[in-house]
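Engineer: Here's the letter readout for the chains.
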Amino acid sequence: MKENSKRSRYWSRFTTVIAIVAMAVVLLPIFLNDTSWPIEARDYLAHSGTEESGAINLVSAIYLGYRVFDTFGETIVLLVAVLGTMGMLSRVESLVDTSLEEEHTIGSVSGFSLTNEKRRSHALRTHLLEVVTGKIGPIVLLFGFYVMLYGHVSPGGGFQGGVIIASGIVFLALGNPQEGSSGISNPELLVRLESAAFLTLILVFFSGLLIGNGFFGNPLAHTQIPVGYIVILNAVIGMKVGTSLGFMCIAMMGGGS
Amino acid sequence: MIILLLALIIMLAIYTLTSKDLLHGVIAMSAVSLICALLFTILQAPDVAITEAAVGAGVSTVIFVWALRHSKRRDDEGE
Amino acid sequence: MRLEDLVYATIMLPLFGAAIALMGKLVHRNRAFAKTLEYIGAGIGLVLPWVGLTMLAPVVFSGGIVSGIVGNWYEGVGIAFRFDGLAWLIQILGYTIGLVAYIYSLGGGPRGPAFTTIFLIQTAALAATIITTDLFNLFVCLEVMGITSYVLIPTSKKPGASLAAFSYLMVSASAMVFFLIGTYGLYRLTGALSYEGIAEGLRTIGGRERLVSNMALTLLVSAVAIRVAVMPLYGWLPDAHALAPHAVSAVLSGVLIKTPLFALSRILGLFSNGPDVGHLMSIAGGITALVAVVIALSQQDAKRLLAYHSISQIGYVVAAWGMALQLGIDTALGISLMAAAYLHALFHAIFKGLLFLSVGTTIDITGERNVYALRNAVKIMRKAGERIPVTFITFLIGALAISALPPLNGFVSKNAITYAMKDSMLYHLLIAAGAGTVASFIKLSRIYLPGVPKLPMQRTPEGRRFKRVRLPSRWIAQITLALLCIAGGLWTPRLVSLVGRLIQPSFQGTLIIPALYSGENLLKTLWTALAGVLIYLVIQHPIPANLLHAIRTRPRNFKGLFVSFSLGTAGLAIWLLI
Amino acid sequence: MIERALLFTLFLIGFYGIVGKKHIIKKIFGLNILNNAAVILFILEGSRIGTDAPIMDGQASAIVDPVPQALMLTAIVIGVCITALSLALAVHLYRVSGSFDIDTIRMRIQDEA
Chain U
20 MKENSKRSRY
30 WSRFTTVIAI
40 VAMAVVLLPI
50 FLNDTSWPIE
60 ARDYLAHSGT
70 EESGAINLVS
80 AIYLGYRVFD
90 TFGETIVLLV
100 AVLGTMGMLS
110 RVESLVDTSL
120 EEEHTIGSVS
130 GFSLTNEKRR
140 SHALRTHLLE
150 VVTGKIGPIV
160 LLFGFYVMLY
170 GHVSPGGGFQ
180 GGVIIASGIV
190 FLALGNPQEG
200 SSGISNPELL
210 VRLESAAFLT
220 LILVFFSGLL
230 IGNGFFGNPL
240 AHTQIPVGYI
250 VILNAVIGMK
260 VGTSLGFMCI
270 AMMGGGS
Chain D
9 MIILLLALII
19 MLAIYTLTSK
29 DLLHGVIAMS
39 AVSLICALLF
49 TILQAPDVAI
59 TEAAVGAGVS
69 TVIFVWALRH
79 SKRRDDEGE
Chain V
60 MRLEDLVYAT
70 IMLPLFGAAI
80 ALMGKLVHRN
90 RAFAKTLEYI
100 GAGIGLVLPW
110 VGLTMLAPVV
120 FSGGIVSGIV
130 GNWYEGVGIA
140 FRFDGLAWLI
150 QILGYTIGLV
160 AYIYSLGGGP
170 RGPAFTTIFL
180 IQTAALAATI
190 ITTDLFNLFV
200 CLEVMGITSY
210 VLIPTSKKPG
220 ASLAAFSYLM
230 VSASAMVFFL
240 IGTYGLYRLT
250 GALSYEGIAE
260 GLRTIGGRER
270 LVSNMALTLL
280 VSAVAIRVAV
290 MPLYGWLPDA
300 HALAPHAVSA
310 VLSGVLIKTP
320 LFALSRILGL
330 FSNGPDVGHL
340 MSIAGGITAL
350 VAVVIALSQQ
360 DAKRLLAYHS
370 ISQIGYVVAA
380 WGMALQLGID
390 TALGISLMAA
400 AYLHALFHAI
410 FKGLLFLSVG
420 TTIDITGERN
430 VYALRNAVKI
440 MRKAGERIPV
450 TFITFLIGAL
460 AISALPPLNG
470 FVSKNAITYA
480 MKDSMLYHLL
490 IAAGAGTVAS
500 FIKLSRIYLP
510 GVPKLPMQRT
520 PEGRRFKRVR
530 LPSRWIAQIT
540 LALLCIAGGL
550 WTPRLVSLVG
560 RLIQPSFQGT
570 LIIPALYSGE
580 NLLKTLWTAL
590 AGVLIYLVIQ
600 HPIPANLLHA
610 IRTRPRNFKG
620 LFVSFSLGTA
630 GLAIWLLI
Chain X
411 MIERALLFTL
421 FLIGFYGIVG
431 KKHIIKKIFG
441 LNILNNAAVI
451 LFILEGSRIG
461 TDAPIMDGQA
471 SAIVDPVPQA
481 LMLTAIVIGV
491 CITALSLALA
501 VHLYRVSGSF
511 DIDTIRMRIQ
521 DEA
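Chains as they are written, first to last, in the numbering used here: chain U, 20 to 276; chain D, 9 to 87; chain V, 60 to 637; chain X, 411 to 523.
Hints are supplied without guarantee of correctness; some may be wrong.
[What the hints assert, rightly or not] List of simulated lysine-lysine pairs, PhoX-like, C-alpha gap at most 25 angstroms: (1) V:K217 / D:K80; (2) V:K618 / D:K28; (3) V:K618 / D:K80; (4) U:K25 / V:K583; (5) V:K618 / V:K502.
[To be verified] Between beta-carbon pairs, the in silico distance windows are: (6) V:I637 / U:H241: 52 to 58 angstroms; (7) U:E59 / X:D467: 52 to 58 angstroms; (8) D:K80 / V:P448: 49 to 55 angstroms; (9) V:Y133 / D:R77: 33 to 39 angstroms; (10) U:I244 / V:P531: 36 to 42 angstroms; (11) D:R77 / V:S483: 24 to 30 angstroms.
[Said to hold, decoys possible] Here are some of the chain D residues that sit facing chain U, going by a computed Cβ distance under 10 angstroms: (12) H32; (13) V67; (14) I71; (15) R77.
None of these hints come from the bench; they were simulated from the model.
Every residue, glycine too, gets a C-beta built ideally from N, C-alpha and C.
Construct the entire structure; sequences and hints are all you get.
Structural biologist: If you want it as structure tokens, here you go:
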């Protein structure tokens with residue numbers, strides 16, 4: 020048996036090297052190619068990007084204006100990932116304390132309410148942590164809203180602001196006393212906010228139809244504030260990302276409530 | 009400067025894959041994300057730097073730590 | 060209502076339905092309201108797009124192409140899209156199977172607002188993948204399609220399903236990063252992301268950059284080929300399709316492995332060496348068809364047998380599609396081959412979906428998946444409340460369709476393919492694969508017929524032989540698919556020319572329509588059927604049975620997926636260089 | 411030139427992590443590194459043609475190419491979502507099979523099914 024395992028290990032090491040060398044051969048020309056970087060797109064955007072989309076920050080002009088369909092796909096990927104992870108999470112928890120196996124629903128995400136979640140003693144909830152996060156929470160939340168709403172001027176925007184809001188929510192969940200999870204860190208409220216944000220996001224894209232600019236066009240294109248579209252999108256995406264990631268982190272911490 | 013940061017990222021990446029303790033791997037991964045964020049600020053890409061810092065280092069570290077808390081920290085199967 | 064809005068309506072409606080179904084999660088206090096919200100969302104998402112498609116039909120049939128930039132932004136930076144005959148056909152395929160699979164899932168498959176939301180998002184992603192002509196947008200659509208299937212596969216609560224989803228996720232996610240590197244290579248060369256921009260940029264590049272564009276093309280093709288499960292890269296598919304819930308595996312093998320293939324044909328149209336890639340893919344497709352049938356013959360688990368059949372049938376489609384690209388889409392033979400490839404993709408989606416759903420119902424009722432251990436399932440199902448053996452009849456129609464017997468749609472599309480590639484090496488491969496298909500479906504249909512099982516049958520948990528299962532909505536799904544099989548078979552002579560005209564509107568010549576019911580053709584079908592029966596009798600013999608047992612229990616490890624992925628990519632790169 | 415060579419090695423390290431390592435969490439580390447390498451490559455090469463950040467607040471003269479930056483925002487978030495989902499699957503696999511080694515998981519799940 021010893022000879023066989025040594026030979027099989029040698030064989031598996033050999034196939035790994037073959038796979039990596041094969042990939043390296045294909046990748047090398049692309050990495051070493053140094054033709055000059057194309058500048059047409061950059062010149063057009065530098066010249067007329069601002070007044071077309073209204074945003075001073077060109078990157079958010081692109082990913083919320085010109086290529087807003089990609090960003091929409093990305094929000095959907097985030098939504099599906101959170102739903103999938105929550106489904107898996109409840110099944111992992113149920114494997115731990117073999118609760119009733121819900122028949123065929125997707126890990127009973129619909130029925131997943133943290134109230135029946137078995138309260139676990141939180142070793143990490145020392146008093147110091149509670150006081151500090153309790154105080155910092157609102158400040159982080161405020162900063163998150165700033166990053167979200169000023170996406171078109173300073174760097175930042177929907178996603179970055181949303182993640183900071185999510186961490187703000189987690190701080191609040193950690194910070195407040197254990198019994199009631201009042202305020203924004205209550206999981207029920209977060210689920211509602213997330214679904215509402217997703218619906219409003221789609222309605223915003225439908226609004227592009229009104230002035231005949233197509234689904235993802237800018238409805239406020241011909242008004243004086245075309246940047247309004249980007250601000251609205253930033254706000255809605257920020258809310259959606261913030262609530263869904265906040266909800267996931269709270270669920271991962273074993274349930275704030 | 010960029011080459012120095014890239015070399016640091018490569019060393020951290022090698023460390024994540026070879027370290028026996030997974031928690032050290034997770035910490036090295038978030039260090040890689042942070043250095044990436046630093047690199048992006050140098051390369052005049054502030055948006056991507058904030059995203060990398062917030063999303064890359066922040067959220068994925070939380071998820072990795074949750075995964076480790078729910079399972080075993082030691083990578084004792086070895087090669 | 061401009062045409063562009065109508066085109067994007069077919070994508071936004073399922074997403075709007077998904078948002079409404081997600082609101083069902085909001086009010087999960089009272090179940091009734093959540094259920095109605097869910098059904099409204101599913102209705103909007105799966106039924107309304109049909110209205111959009113019928114309104115678009117006249118435009119597409121008259122050879123019109125709806126193309127432009129999403130949201131009328133500047134064309135250098137915005138996302139280009141193009142809605143033509145091919146896109147219309149693939150969306151028909153996606154929405155048919157999506158609607159029927161959702162109806163089936165009301166009866167048996169997973170439920171809950173989260174499942175409906177993700178199912179609708181998957182249907183929308185399928186529709187979006189085919190109309191985009193922008194490289195990065197294709198990346199995002201393939202990611203959305205992928206992540207919905209990674210989440211839907213483990214909902215079947217089987218431990219193996221999580222492992223299958225994990226392997227599928229790792230392979231596709233790393234392939235998608237290589238797709239990103241390919242996009243980087245092309246953007247650097249041509250400065251554009253839309254297909255037209257890249258094509259026009261590539262015309263003016265010099266000799267050395269030719270190598271770089273070939274390598275970038277190799278990465279794009281191999282990243283998409285993983286999702287199409289061609290020969291070297293099919294390792295993830297059998298576990299994923301066999302262990303997913305029945306409704307999900309019908310959509311997975313019906314639509315999810317075909318849309319990337321036809322999206323790839325848009326990319327290959329750009330490159331001057333597109334035909335070489337088509338040539339290699341057709342060879343790989345032919346080999347896939349034969350090898351996958353042999354492995355299918357060796358399988359014990361009913362759904363795994365069907366999954367391997369999906370690989371062999373997609374081998375048919377890829378062979379015809381590759382040869383069509385090789386000959387060029389503007390020649391008569393090329394168009395008829397591409398039309399045959401699409402027809403077989405559509406008909407395969409229908410009869411494979413039918414087989415997955417009917418075998419799924421049988422498995423749910425009898426609780427037994429092993430082909431050798433289950434016998435006279437018709438009697439068991441009659442006791443379970445199925446007076447008229449609907450599942451057996453629908454299974455029979457599906458089995459006859461896949462083994463290409465005259466009246467049904469499989470006969471038409473398989474003959475369209477083999478007729479068009481008359482005397483090439485692929486012809487013989489596909490004929491042999493056809494015979495193997497007949498043999499394996501005789502083996503699978505044994506589970507319904509009375510007989511003595513080789514292995515003892517597991518008792519269902521309650522000790523009785525069957526489990527109460529909600530039949531009506533399953534019947535509706537199975538019967539609609541069976542009717543589609545028959546309709547496809549009878550109505551097809553005009554369908555081939557119709558599809559041909561849709562794929563290449565500017566072609567005036569006559570297509571090569573196979574003389575379906577000619578004496579020589581019927582004789583060939585008879586011969587393949589007899590060969591199939593012969594093969595079935597041969598594998599009862601111990602020597603071939605042991606050989607098949609060896610094939611089934613060959614060690615399949617996780618690393619094999621990646622090694623075959625990188626070797627396949629390197630092979631394609633070398634093929635492009637010589 | 412050297413940066414691209416370093417990125418090439420980082421890319422191969424990530425690919426080695428996915429292919430060579432048996433431990434599934436290490437594979438997810440590898441996937442993360444692979445994604446990070448692709449993002450750095452895009453941004454590094456995109457910033458060659460300019461000196462200022464793409465914020466048009468008046469005094470930005472030669473700005474960097476904003477298109478790859480917008481694309482990489484999407485790629486980073488998709489990478490994190492894929493990591494989150496794969497970690498949830500990995501923990502579920504650990505709960506079911508009791509080990510993180512991909513081949514022992516396959517063996518334990520095979521004979522259980």
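Engineer: Each hint should be assessed against the structure and marked as holding or not.
Structural biologist: Hints and how they fare:
{"no.": "1", "hint": "V:K217 / D:K80", "verdict": "23 angstroms, holds"}
{"no.": "2", "hint": "V:K618 / D:K28", "verdict": "21 angstroms, holds"}
{"no.": "3", "hint": "V:K618 / D:K80", "verdict": "23 angstroms, holds"}
{"no.": "4", "hint": "U:K25 / V:K583", "verdict": "52 angstroms, violated"}
{"no.": "5", "hint": "V:K618 / V:K502", "verdict": "32 angstroms, violated"}
{"no.": "6", "hint": "V:I637 / U:H241: 52 to 58 angstroms", "verdict": "56 angstroms, holds"}
{"no.": "7", "hint": "U:E59 / X:D467: 52 to 58 angstroms", "verdict": "23 angstroms, violated"}
{"no.": "8", "hint": "D:K80 / V:P448: 49 to 55 angstroms", "verdict": "51 angstroms, holds"}
{"no.": "9", "hint": "V:Y133 / D:R77: 33 to 39 angstroms", "verdict": "48 angstroms, violated"}
{"no.": "10", "hint": "U:I244 / V:P531: 36 to 42 angstroms", "verdict": "55 angstroms, violated"}
{"no.": "11", "hint": "D:R77 / V:S483: 24 to 30 angstroms", "verdict": "59 angstroms, violated"}
{"no.": "12", "hint": "H32", "verdict": "19 angstroms, violated"}
{"no.": "13", "hint": "V67", "verdict": "6 angstroms, holds"}
{"no.": "14", "hint": "I71", "verdict": "7 angstroms, holds"}
{"no.": "15", "hint": "R77", "verdict": "9 angstroms, holds"}
Against the hints set out earlier in the document, violations occur for numbers 4, 5, 7, 9, 10, 11 and 12.
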